[in-house]
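Asks: Take a look at the letters that make up each chain.
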Amino acid sequence: MSSNVKLSKENTLGLLKKDYQGLASTLCKGCGHDSVTQALVSALYELSFNPKDIIKLSGIGCSSKTTNYFLNQSFGFNAVHGRMSSMATGVHLAQPQAKIIGVSGDGDTASIGLGGFLHLIRRNVPMLYIIENNGVYGLTKGQFSATSLKGDKAKSAGTQVFEELDLLDISLSAGCGFVARGFAGNSIELKNILKDALNFKGTAVVDVISPCVAYGNIDEFSKSYTNTQIKNKALNEPYKTITKSDLHFEAKSLEVKESYDNTNLHKARELLIKEKLTKTLHTGVIFESKTSVPLNEKLNLNSLDAFSNKPQKQKLSEESLKKITSEWSLF
Amino acid sequence: MLNDITISISTVNGTGSQTANKILVQSLILSGYHVSAKNLFPSNIAGLPTRFIIRISKDKYNSYSQDKLVDLSILFNKNKLKEDLQNVSKDSLVLSNEDYKFSDTVLKLNLNLLKCRTLTKDIHESVSVRKLLINMLYVGAAAKMLDLELETAVRATELTLKNLKKEILIANIEALKRGYSALKETKSINIFKPTDLEKCSLNNNMLSLYDGNQSLALGLLNGGAQIFTWYPITPSSSVAENFEHYSKTLKLNRTVLQCEDEISAVTTCLGAGWAGARAVTATSGPGLSLMQESIGLSYFTENPLVIVNVQRAGPSTGLPTRTAQGDLTLSYYSSHGDGFHPVLLPSNPSEAFNDGFYSLSLAQDLQTPVFVLSDLDIGMNEWVQKPLQQISKSSSEGQIQIEKCENYKRFSNNTLISKRSLPRLSDESTAYFTRGSGHDEFGNYSEESKVYEEKLRRLKNKINSLRTLSEFCPQDVVDQKKSSISLVYYGSTSQSIEELKDLIKKDLNVGLVSTYQIRALPLSDDLNIFLSKHKFNFVLEQNRDEQMNRIIKSECNSKTSTTSVVQYNGLPADANHFYKQIQECLKKFESFVLKIGEIT
Numbered sequence: 009m010s011s012n013v014k015l016s017k018e019n020t021l022g023l024l025k026k027d028y029q030g031l032a033s034t035l036c037k038g039c040g041h042d043s044v045t046q047a048l049v050s051a052l053y054e055l056s057f058n059p060k061d062i063i064k065l066s067g068i069g070c071s072s073k074t075t076n077y078f079l080n081q082s083f084g085f086n087a088v089h090g091r092m093s094s095m096a097t098g099v100h101l102a103q104p105q106a107k108i109i110g111v112s113g114d115g116d117t118a119s120i121g122l123g124g125f126l127h128l129i130r131r132n133v134p135m136l137y138i139i140e141n142n143g144v145y146g147l148t149k150g151q152f153s154a155t156s157l158k159g160d161k162a163k164s165a166g167t168q169v170f171e172e173l174d175l176l177d178i179s180l181s182a183g184c185g186f187v188a189r190g191f192a193g194n195s196i197e198l199k200n201i202l203k204d205a206l207n208f209k210g211t212a213v214v215d216v217i218s219p220c221v222a223y224g225n226i227d228e229f230s231k232s233y234t235n236t237q238i239k240n241k242a243l244n245e246p247y248k249t250i251t252k253s254d255l256h257f258e259a260k261s262l263e264v265k266e267s268y269d270n271t272n273l274h275k276a277r278e279l280l281i282k283e284k285l286t287k288t289l290h291t292g293v294i295f296e297s298k299t300s301v302p303l304n305e306k307l308n309l310n311s312l313d314a315f316s317n318k319p320q321k322q323k324l325s326e327e328s329l330k331k332i333t334s335e336w337s338l339f
Numbered sequence: 085m086l087n088d089i090t091i092s093i094s095t096v097n098g099t100g101s102q103t104a105n106k107i108l109v110q111s112l113i114l115s116g117y118h119v120s121a122k123n124l125f126p127s128n129i130a131g132l133p134t135r136f137i138i139r140i141s142k143d144k145y146n147s148y149s150q151d152k153l154v155d156l157s158i159l160f161n162k163n164k165l166k167e168d169l170q171n172v173s174k175d176s177l178v179l180s181n182e183d184y185k186f187s188d189t190v191l192k193l194n195l196n197l198l199k200c201r202t203l204t205k206d207i208h209e210s211v212s213v214r215k216l217l218i219n220m221l222y223v224g225a226a227a228k229m230l231d232l233e234l235e236t237a238v239r240a241t242e243l244t245l246k247n248l249k250k251e252i253l254i255a256n257i258e259a260l261k262r263g264y265s266a267l268k269e270t271k272s273i274n275i276f277k278p279t280d281l282e283k284c285s286l287n288n289n290m291l292s293l294y295d296g297n298q299s300l301a302l303g304l305l306n307g308g309a310q311i312f313t314w315y316p317i318t319p320s321s322s323v324a325e326n327f328e329h330y331s332k333t334l335k336l337n338r339t340v341l342q343c344e345d346e347i348s349a350v351t352t353c354l355g356a357g358w359a360g361a362r363a364v365t366a367t368s369g370p371g372l373s374l375m376q377e378s379i380g381l382s383y384f385t386e387n388p389l390v391i392v393n394v395q396r397a398g399p400s401t402g403l404p405t406r407t408a409q410g411d412l413t414l415s416y417y418s419s420h421g422d423g424f425h426p427v428l429l430p431s432n433p434s435e436a437f438n439d440g441f442y443s444l445s446l447a448q449d450l451q452t453p454v455f456v457l458s459d460l461d462i463g464m465n466e467w468v469q470k471p472l473q474q475i476s477k478s479s480s481e482g483q484i485q486i487e488k489c490e491n492y493k494r495f496s497n498n499t500l501i502s503k504r505s506l507p508r509l510s511d512e513s514t515a516y517f518t519r520g521s522g523h524d525e526f527g528n529y530s531e532e533s534k535v536y537e538e539k540l541r542r543l544k545n546k547i548n549s550l551r552t553l554s555e556f557c558p559q560d561v562v563d564q565k566k567s568s569i570s571l572v573y574y575g576s577t578s579q580s581i582e583e584l585k586d587l588i589k590k591d592l593n594v595g596l597v598s599t600y601q602i603r604a605l606p607l608s609d610d611l612n613i614f615l616s617k618h619k620f621n622f623v624l625e626q627n628r629d630e631q632m633n634r635i636i637k638s639e640c641n642s643k644t645s646t647t648s649v650v651q652y653n654g655l656p657a658d659a660n661h662f663y664k665q666i667q668e669c670l671k672k673f674e675s676f677v678l679k680i681g682e683i684t
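Read top to bottom, the protein sequences are chains A and B.
Position in the first sequence counted from 1, then plus 8, gives you the working numbering.
Position in the second sequence counted from 1, then plus 84, gives you the working numbering.
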């Protein structure tokens, strides 16, 4: 499908791009999250997803507010902090046919919701899991999150003394079948990543570096727009010369001239290790499994759709009841 | 002649004695006796002491008694002989294994010894099977000492072990027979004989033996639960396990998911409920503590959620294998901020079946979290019960908005409960964004004071509307017009009530005692009227903090007086334990004693 579809054009479902929009954003002007929202709207529109089939989920935080800013025609649930994964699992059990899109943040995923996140991946709940990753807790005014780097300085949080949790590395360790990184500052690439993720059969984790203009956009902070641009390298794209250096990142980065095979798990993990050594960030689909078995197939849920099959209408038959209770009889 | 007999069986946990004990219980029931049994087991898989207490009562009492002397003490834990002799007197009969070494104290008792090793030696070639057969030796010997017929004990063995391999069944029966005839000169217990009438009514009732976790699981299936999420915890695990087992046996195709913790279990359950499925989760105290936040989310976003709590003794890890009613207020007032929730209070496994069924309908109707509050005594002890009967009512689906609806208000304040729209099923015009933050009638974000206030007021009215519902009214009220004493109780405390009533009547010379079983929270309106009719209202419960009494005091008319009577030792409800406190209390009221004289 062409990526140059004009706004006014109908997609194959006969819908316009505005049919995928939501309410006006209340986030700060320039927030990376709004770019992610727009990339997602474009991806859904271009892939002609039916808004009725989509269920939007989120946790708590600035990122989690964004589910209100797209797909106004779809149902959504803004859950409690860190519990989007559990909510998604429940929704999937009830409605295996629904397309689930979840938007979470680095606080929501890497700290309070880390346990649930790992188990979501382990069970392979089919959904698009977007992490709008800015390294800070925006809504509570700028504390560090667990994805900020050691040595990072932020406007109100001081200096980070702990090492980062790399959510992509963690996702691969937990057995995630689709792991990608995007950058809010590169919306066309991000849209294409999201399209791939939306077509994946299983948990698709997309970690988007999405800078916080209020608390995490100074030069001494690794997830600022500028620093991300400097160290960013797109997978399978020609190497671009980096000219600007800063406190954290060396100017010279690893060259990725050869074609990258993202179906190779070993290569994917190697890439993430190299990134740390060379202080670079690669965007693109880092790993995509060809053998993903989603939860509905593992548990054979497809016959259990809450609407196609309604056992709640029926009590147990006398015969069924007897079959169990006769085992308890003393006579 | 003894009309009230207590048998204590001490074994090491993990040695298979549980099945043997069940055979002894069944032998007694088949012989026409009224029996209740409690298993007091440790939080351990193998090696620690476990005690099984059987009570045979002519008066059909079921209450457990901590202080009562043991008539027959079966000692099959050689490391705990001293501790196990606490309630044994010189009149008690003692049955043990000849292979143990005994102190002089034990040797002075009415000791009957089984040559266990010799007796089981040639029954089966496997050592592990022979170890299990030792249990059948004491069942046989006990049957003899209780003057039961051998054929009855054999029949009980066949019924209990019907699913085992034939050769194992034969070996067990052989061990039973050898135990029965091993003690040549033994005394038997001077036990009462059931009348023909008692035997006859027993046969007509066709009694069953099951625990509340079994019946509750079946009740939930019967109520249409499609999805069960859980995290393993004693004593509730077997609710989920039975649910899965029965679902497979009956080919019902329901989904069971073991989650990573209780936070996930309850949130997954809520997600499934929001998306249209009938979903349930089961836990115990520590798990319920973890679930609090999502319970509030369910309450405030008005989505169905069913939580089964099989209580154990807290706080903290507490006594994981002992019973209590200590989670009443935690359940009722779950989560932060304002809120209170429907809590169903089954008093036995049969009611647990009904409540399992009903909880799902109630959650759909009310769009709110609903609790089924059981406890370890109900959930894990097998109770002698009448067979379960199918419920006549049909289950409710709640109100769902499927069709197109312009200007759809998901949370209208013009009615207590609005129709709920469901993702993918309902028309797009009814799509809304569900949030735990403040929201208006359409579900849109709102921080308006008035909007928030109105929502909270409506939620309160919604739960209050239950107070007049028949299921929330007590099923078992005995309102004696001339009585000045009433007993108010709920849950597994019920099994001590008959005996407690008789103790009060006999010892205090009171003619009549009224009783009121609280079946659910919020309290039914008629409790107030009931309490106002009695001078002394005793509220019985199994927790230290008088949790039900506090709820009564906060919800009922301030003029009614109640006195709290509690038991919090981890043991099943004990009529004598309650009685002592009632006695103490009444002693303080000399004028009352005079008044009783006038009435009787």
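Honestly, the hints are just simulated from the structure, not real lab data.
These numbers were taken from a predicted model, which means no experiment stands behind them.
Just so you know, not all the hints are guaranteed correct.
[Unchecked claim] In the DSS-like style, the derived pairs of lysine-lysine whose C-alpha atoms are separated by at most 27 Å in a straight line are:
#: 1; chain 1: A; residue 1: Lys-330; chain 2: B; residue 2: Lys-470
#: 2; chain 1: B; residue 1: Lys-503; chain 2: B; residue 2: Lys-470
#: 3; chain 1: B; residue 1: Lys-470; chain 2: A; residue 2: Lys-323
#: 4; chain 1: B; residue 1: Lys-619; chain 2: B; residue 2: Lys-585
Asks: Are the hints correct? Go through all of them and say.
Replies: Do the hints match the structure? See the list:
no.	hint	in the structure
1	A:Lys-330 with B:Lys-470	holds, 13 Å
2	B:Lys-503 with B:Lys-470	violated, 39 Å
3	B:Lys-470 with A:Lys-323	holds, 20 Å
4	B:Lys-619 with B:Lys-585	holds, 16 Å
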